[in-house]
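Chain by chain, the residues:
There are 10 protein chains.
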Amino acid sequence: MINSREEVTRMIQATRIRKDIRWSQVAAALGLSKEWTTAACLGQMAMSKQQAMVVAEIFDLPEDAIAWLQAVPYKGSLPTAVPTDPLIYRWYEVVNVYGSTIKELINEEFGDGIMSAIDFSLDIEREADPKGDRVRVVLSGKFLPYKEY
Amino acid sequence: MINSREEVTRMIQATRIRKDIRWSQVAAALGLSKEWTTAACLGQMAMSKQQAMVVAEIFDLPEDAIAWLQAVPYKGSLPTAVPTDPLIYRWYEVVNVYGSTIKELINEEFGDGIMSAIDFSLDIEREADPKGDRVRVVLSGKFLPYKEY
Amino acid sequence: MINSREEVTRMIQATRIRKDIRWSQVAAALGLSKEWTTAACLGQMAMSKQQAMVVAEIFDLPEDAIAWLQAVPYKGSLPTAVPTDPLIYRWYEVVNVYGSTIKELINEEFGDGIMSAIDFSLDIEREADPKGDRVRVVLSGKFLPYKEY
Amino acid sequence: MINSREEVTRMIQATRIRKDIRWSQVAAALGLSKEWTTAACLGQMAMSKQQAMVVAEIFDLPEDAIAWLQAVPYKGSLPTAVPTDPLIYRWYEVVNVYGSTIKELINEEFGDGIMSAIDFSLDIEREADPKGDRVRVVLSGKFLPYKEY
Amino acid sequence: MINSREEVTRMIQATRIRKDIRWSQVAAALGLSKEWTTAACLGQMAMSKQQAMVVAEIFDLPEDAIAWLQAVPYKGSLPTAVPTDPLIYRWYEVVNVYGSTIKELINEEFGDGIMSAIDFSLDIEREADPKGDRVRVVLSGKFLPYKEY
Amino acid sequence: MINSREEVTRMIQATRIRKDIRWSQVAAALGLSKEWTTAACLGQMAMSKQQAMVVAEIFDLPEDAIAWLQAVPYKGSLPTAVPTDPLIYRWYEVVNVYGSTIKELINEEFGDGIMSAIDFSLDIEREADPKGDRVRVVLSGKFLPYKEY
Amino acid sequence: MINSREEVTRMIQATRIRKDIRWSQVAAALGLSKEWTTAACLGQMAMSKQQAMVVAEIFDLPEDAIAWLQAVPYKGSLPTAVPTDPLIYRWYEVVNVYGSTIKELINEEFGDGIMSAIDFSLDIEREADPKGDRVRVVLSGKFLPYKEY
Amino acid sequence: MINSREEVTRMIQATRIRKDIRWSQVAAALGLSKEWTTAACLGQMAMSKQQAMVVAEIFDLPEDAIAWLQAVPYKGSLPTAVPTDPLIYRWYEVVNVYGSTIKELINEEFGDGIMSAIDFSLDIEREADPKGDRVRVVLSGKFLPYKEY
Amino acid sequence: MINSREEVTRMIQATRIRKDIRWSQVAAALGLSKEWTTAACLGQMAMSKQQAMVVAEIFDLPEDAIAWLQAVPYKGSLPTAVPTDPLIYRWYEVVNVYGSTIKELINEEFGDGIMSAIDFSLDIEREADPKGDRVRVVLSGKFLPYKEY
Amino acid sequence: MINSREEVTRMIQATRIRKDIRWSQVAAALGLSKEWTTAACLGQMAMSKQQAMVVAEIFDLPEDAIAWLQAVPYKGSLPTAVPTDPLIYRWYEVVNVYGSTIKELINEEFGDGIMSAIDFSLDIEREADPKGDRVRVVLSGKFLPYKEY
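Residue numbers (this note's numbering), protein chains in the order written: chain Z, 1 to 149; chain A, 1001 to 1149; chain L, 2001 to 2149; chain V, 3001 to 3149; chain H, 4001 to 4149; chain B, 5001 to 5149; chain W, 6001 to 6149; chain Y, 7001 to 7149; chain G, 8001 to 8149; chain C, 9001 to 9149.
Read the hints as simulated data drawn from the structure, not as lab findings. Among these hints, one or two may not hold up.
Pairs of lysine-lysine residues, derived as DSSO-like cross-links and limited to a Cα-Cα distance of at most 30 Å, are as follows [unchecked claim]: (1) C:K9147 / Y:K7147; (2) V:K3131 / L:K2049; (3) L:K2131 / H:K4131; (4) C:K9049 / B:K5049; (5) B:K5019 / B:K5049; (6) W:K6049 / Y:K7131; (7) H:K4049 / V:K3142; (8) Y:K7049 / Y:K7019; (9) W:K6142 / Y:K7049; (10) B:K5131 / H:K4131; (11) Z:K147 / A:K1049; (12) A:K1049 / A:K1147; (13) C:K9131 / Y:K7147; (14) G:K8019 / H:K4131; (15) G:K8019 / C:K9147; (16) G:K8147 / C:K9147; (17) C:K9142 / C:K9049; (18) Z:K142 / L:K2142.
Looking from chain Y toward chain W, a few residues come up when the C-beta cut is under 7 Å (computed) [claimed, not checked]: (19) R7018; (20) M7053; (21) A7117; (22) P7145; (23) K7147; (24) E7148.
Where is the CB? At the ideal position from N, CA and C, for every residue including glycine.
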């Protein structure tokens, strides 16, 4: 019996590595973006029954896993508060170095409020560049204003 | 005598609030993006002498501040490892929830390496949307591969 | 010259204590709830110019403070990640003990998503009870669903 | 042999996911609120023998589990001091942003003391709203005054 | 102008040291226990106006301090989560080594619930002993049971 | 083969829960206080061979456990530096809120030194009270003075 | 089935210890530096298929491991933020004591920017010295300047 | 009166920025390496009287500072355990990613022991490279073996 | 007016540096060991009135300081839980590496209990050695056994 | 197959407890001090092949363990940064309370440098005392001076 969503995530990763499956293939099978698909497979999003069945098929998951993939997971994908992996740390560094800048500019443009991390999408793509290709990431989040009451 | 870059940052913020200066005005005066300009004014980037003089003029800074603005600062703009401000926390949350996804997708596309946070730019803008305007942020960083040796 | 919003908060607190001003009086003067008013005076919300002028009047604040009260503050009102004050700790304890319950029930009712802490209101009142009066707190936050993309 | 209450909690969760049981059904079977029921099933409350037997039946728990459900558990349902799950974090954020406000207003109304987290109840419900349904949460805790001695 | 209760505490401590005032004298002047009195003077309890005036007299406090002593303080008297002072650490050690024991025995005797730290009193006294005098401390707190709802 | 004292503690707890053994029964069998007995069974004290045999009998422990119960354990019974369980947290809160008071009063009475947590005893009992029974705890520790040398 | 790269690393270490394999032998078999080779075997670098097959042969790894060695690992080789092992701590100490010096001198020579930890190589060798041999370590990293935009 | 070495460090930095002094000039004046000189000026090393007088002259330090520069400082030049500045973080990252590698290779070559951080020198220089100049850093530390006794 | 013992410590350190006073001279003036004397001057021990007067004389302390030196201080002389200064860190390392050894051997010799850090003395001296002088430190603490009750 | 040195340490501890082996017996069999011997058995030192074989014999270790005992271990014997065990905590307390004293006195006697924790020995013995036996510990470490370069 599967006891946690983390077990399902480990099964998915182990199969992905063994069978060399690409996230973009999984995304295509689901008809969704590779960003949402990957996050969902890594235990950060809840799937519909149909999505869970597709994913279970691709990754040879046991029957039980289909129910776990539909349950809302306890989110958080990193093992430490300050990430140790260099790729992920660079993102944390951006938040640390540019955090006050991001706050100032969003507040200057929109007033007091936040950029939603829920009504949110992420898009990662390659940007060809003669001086070395770049990673281009677009984050789009609804602005949510604080209100008086 | 000014003893640290933080003092200069506090002077800039106090004047900006008092005189209601917009970061985009400062950026226009420097002929640079509002993102770099704000980061530099908030003590995260080193300015050229000319830039420092423009900024000193705008914010009524004392003579000493011009030298400090040219010195390379000790970077890091947030008071705690996990940010408490909701706007900035949402970014930390994105790193936490989507961190493993970002890593998987960049590694899938580019192989082992990172997205540079140095050869990097940030662009924040309003995206009109009938269901509520969105904050659209574009991050662009050069991909830097790990190499064997 | 005032250098930070925290200075304004300290001034407000010192005057409030000295002159024994009640938050509900301030709220009445602003025509808003005592919850929003107190949060704003304690440096967690940005005020409009008119609100800032009313508050400055009540608390004998210097001219400069009016601009600071309108600036969007860096939020976070507690000195430590785990609060030491018993009253506030009880709330942290509720999050700790009931956190998984709250998540399960909101997710059971609404699906995957969050209860907004931005489009949010708080209402604190006395509930008379023969066995000892109770504090009754109503939190109301818009449900924000995660979406596929 | 079952070695800890956490094992029982994991069994309950695994069965709940597999058999798609709703907390409100469990609450109905116990004749208690869904809030207390969920907290108890998630290892935060001690049950009576009869309650434990009902729960064991619903979740196919082994004999041993009935004794564990009656033992007073070591409480605390979150894996980190600052929660990483966005839904639960929003609650932590409310404590962080509104903590000083909550303290001021309860103390203004009642004097020095706390709102009990023991003689306490929680009620979570959907509040229909044309602009998007809201989560409405009512917390009710007995006020406990500090006394001189 | 006094800006925080901590300032008042520092004034009290400085005068106490300089004038060699004993806490038991202050307690006698207030007609209360030395435990409550000391805690109140060290910024952990709110005083009545009359008490504050007595204390202000004893410690030569300025006018402003009388209002601060009546305000409910942000409690917490130690600079670090794990105390460094050996005397106070020993108490933390007792909580660490005997914590599970205390929980088991209180729960065995009373069922699920807590010993109140609010409806609580503390009594510290010397216990003569031929093998070396002992510190005898009596803690008395109301038992508060968790209830179903 | 048993690999750690923690394993023995888990076996004791599992049997205690399953067979509904009371700590006071174990204490009676050992002829010692329930406080020392519970602490010893929970892995905080070393037992004599005879005590270990009595305990092994009561809790159906394997042969190996008898040696482990006699070994001096690595003490510390709580999983986090700041305890999450509400009952134990209240004790931590007492140390936090009253810590400076306890230090002042012991030092005022005895001079510089500590209250021993080794030459120490703990006594927990029910105190009947018409307004609700109270938990009465007596701590007694030898005073140990710092000396010059 | 192998579930994580850490498992592969543990297998490699266990075989290396049992068969007394030297890292320099592995490096020679791969035709690469001992520094990169060791880091890769310890789970910090991704290998090519051919490299993975050589390593699998040397360390008797199961079939599955070959795929895991080619996957980009989650990097970070130390169990705590401040390392406890004395050899590794000395390096942390160098960063702590000389960190501000390193920053000043690199910034003085190159301007604002960093020394890459990605386009980076490490070389560790013995330096004979009559007063006791020395460890000589050469770090070489590309300088990456911050740019305006 | 100067109260700490940190004050002297701040004075040195403020003058260095204001007068645009280069560390290599200071090193030349002392006849020592720029690495040791910078570390000493930044409060990490004790100077001789003569060195202190040279430094005081260069940086216009008051009389008192000369004594402080000769006192052995409390070392540690970074404000947080995990550095936030990107340049210094890259060094921490090297320790994190390559830490186990460094340990393996030094132990393989020398046996159990450490590379001294005391009998240690550091040399930072520019390495011209057509693909972009590199920072080349040489660390040299005496190997100190653990011994039996 | 002096507000804390830390201020007195800073005054002592500043004068000691300025006038180049040696701790052994202070110890000789007090007729006590240099270890106790230094600890007392650095704010870790309470002095008698006469001792305080001698110390005040040596370090030109103001009148107020004499009372502060007699008050029992809040002990703890290091700014961080894990010390950053290499000399002090080596001691922390000894506790970390040899901690379990120290515990095993004291427990093997004495049974369950501790080595007192209160009824304790410290003696630091130079041990001439042809291979380089050594620091020889003798710690002597009374053994305090845990007792049954 | 043994996967880590910690496994070997656990086997040694389990056998030591079961067979009631004394560390001094092991030390005698090795012809070394009980301090080094215990540290080595607890996974803090690397053994020679011959030593490993003696230890394996005494503790009935499997073949594999002999190789692991010769490998240089990742050192650090305590589970938390601030130790919870009272005996080991007292040592941490000594570092905390006397840390600045130890630093001052070693630096006063020897100049800037450290006491080695590598070229180091530890000796723990019983010191008979009519007022209660004492633990006498001698630490001896080579003084290592910082040098200019």
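Hints, verified against the model:
Taken as a hint, the K9147 of chain C and K7147 of chain Y pair is honoured in the structure, with Cα atoms around 24 Å apart against an allowance of 30 Å. This hinted pair checks out: K3131 of chain V and K2049 of chain L have alpha carbons roughly 28 Å apart, not beyond 30 Å. Proximity of K2131 of chain L to K4131 of chain H is assessed by CA-CA distance (about 49 Å); at most 30 Å being required, the pair is judged violated. Between K9049 of chain C and K5049 of chain B, the direct Cα distance comes to roughly 36 Å. Violation of the 30 Å bound is thereby established for this hinted pair.
A C-alpha spacing of about 24 Å is found between K5019 of chain B and K5049 of chain B, which places the hinted pair at or below 30 Å, so the restraint holds. Among the hinted pairs, K6049 of chain W with K7131 of chain Y is consistent with the structure: their alpha-carbon atoms are about 28 Å apart, no more than 30 Å. Using a Cα cut-off of 30 Å, the hinted pair K4049 of chain H and K3142 of chain V holds, with the two alpha carbons roughly 26 Å apart. For the suggested pair K7049 of chain Y and K7019 of chain Y, the alpha carbons sit about 24 Å apart, so the restraint of at most 30 Å is met.
At roughly 39 Å between alpha-carbon atoms, K6142 of chain W and K7049 of chain Y are farther apart than 30 Å, so this suggested pair is violated. Distance hint between K5131 of chain B and K4131 of chain H is unfulfilled; the C-alpha atoms sit about 39 Å from each other, more than 30 Å. Taking the CA atoms of K147 of chain Z and K1049 of chain A, the gap is about 42 Å. The hint is violated against a cut of 30 Å. For the suggested pair K1049 of chain A and K1147 of chain A, the alpha carbons sit about 37 Å apart, so the restraint of at most 30 Å is broken.
For the hint pairing K9131 of chain C with K7147 of chain Y, the CA-to-CA distance comes to about 37 Å; that exceeds 30 Å, so the pair is violated. For the hint linking K8019 of chain G to K4131 of chain H, the alpha-carbon distance of about 46 Å lies beyond 30 Å, and the restraint is violated. In summary, the hint linking K8019 of chain G to K9147 of chain C is supported, as the alpha carbons are separated by about 25 Å, within the 30 Å threshold. About 51 Å separates the Cα atoms of K8147 of chain G and K9147 of chain C, which puts this hinted pair outside 30 Å; it is violated.
A threshold of 30 Å between alpha carbons decides the hint, and for K9142 of chain C with K9049 of chain C the separation of about 28 Å falls inside it, so the pair holds. Restraint check: the Cα-Cα separation between K142 of chain Z and K2142 of chain L comes to about 14 Å, which is no more than 30 Å; the hinted pair holds. A distance limit of 7 Å between C-beta atoms decides the matter here; for R7018 of chain Y the minimum to chain W is near 16 Å, and the interface restraint is violated. The beta carbon of M7053 of chain Y is not positioned within 7 Å of any beta carbon in chain W (closest approach about 21 Å), and the interface hint is therefore violated.
Residue-level restraint check for A7117 of chain Y holds (minimum Cβ-Cβ distance to chain W is 4 Å; threshold 7 Å). Taking 7 Å as the C-beta cut-off, the interface hint given for P7145 of chain Y is violated, the closest approach to chain W being about 9 Å. For the restraint placing K7147 of chain Y at the interface with chain W, the shortest Cβ-Cβ distance is roughly 13 Å, beyond the 7 Å limit, so the hint is violated. Interface hint status for E7148 of chain Y: violated, as the beta-carbon distance to the closest one in chain W is roughly 16 Å, over 7 Å.
In summary, the numbered hints that this structure violates are 3, 4, 9, 10, 11, 12, 13, 14, 16, 19, 20, 22, 23 and 24.
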